[in-house]
Amino acid sequence: MRTRLLLTVSAMLMLASCGGSSKSAPETTVAPAVETTVAPAVETTVAPAVETTVALLVVNGHTIAPGADLRGANLSYADLSFANLAGADFRGANLSDTDLSFANLAGADFRGANLFGTNLVGANLKGANLFGTKLLFANLAGADRTGATMQDGTIHP
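Every letter in the sequence shown is one number past the one before it in the numbering used here, and letter 36, counting from 1, is 36.
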């Protein structure tokens, strides 16, 4: 954007009469026009602040998260339905009567864990290691056990 700035000077001539005589006004000089370039306004956009909330589930002092080290943890009677515990280490943990329905437990290690009466309905147990677990009265209806090592050491097809 270019703006032309013109400096104009107006002069008025006055005749003054002093003692009946007339004088002419002094000569006035007008400065030439000055051209000025003005930088255009810059529009700045500021991204709105983003608020991030990270929800952590802590049960008996143990953080419940993918890959969590829960060896020997007492999580009996906990509601961990729909939790993402893929790759978690539950070796020797007490999960009796725990609700793990629809939880993601893919690749989790349950060797020697107590899963007595645990609800595993619809859980993802793909590739999980259940060797030596106590599964008495556990409900595995609809659980995906593809590639899981079962309590007797057999691998589920």
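Take the hints with a grain of salt, since some may be wrong.
So the derived label-pair ranges between C-beta atoms look like this [to be verified]:
#	residue 1	residue 2	range
1	T146	F82	18 to 26 Å
2	G67	G132	18 to 26 Å
3	P157	N74	19 to 27 Å
4	F137	N74	16 to 24 Å
5	N60	F82	27 to 35 Å
None of these hints come from the bench; they were simulated from the model. These figures come from a predicted structure and were not determined experimentally. Where is the CB? At the ideal position from N, CA and C, for every residue including glycine.
Checking against the hints above, which ones are violated? 3 and 5
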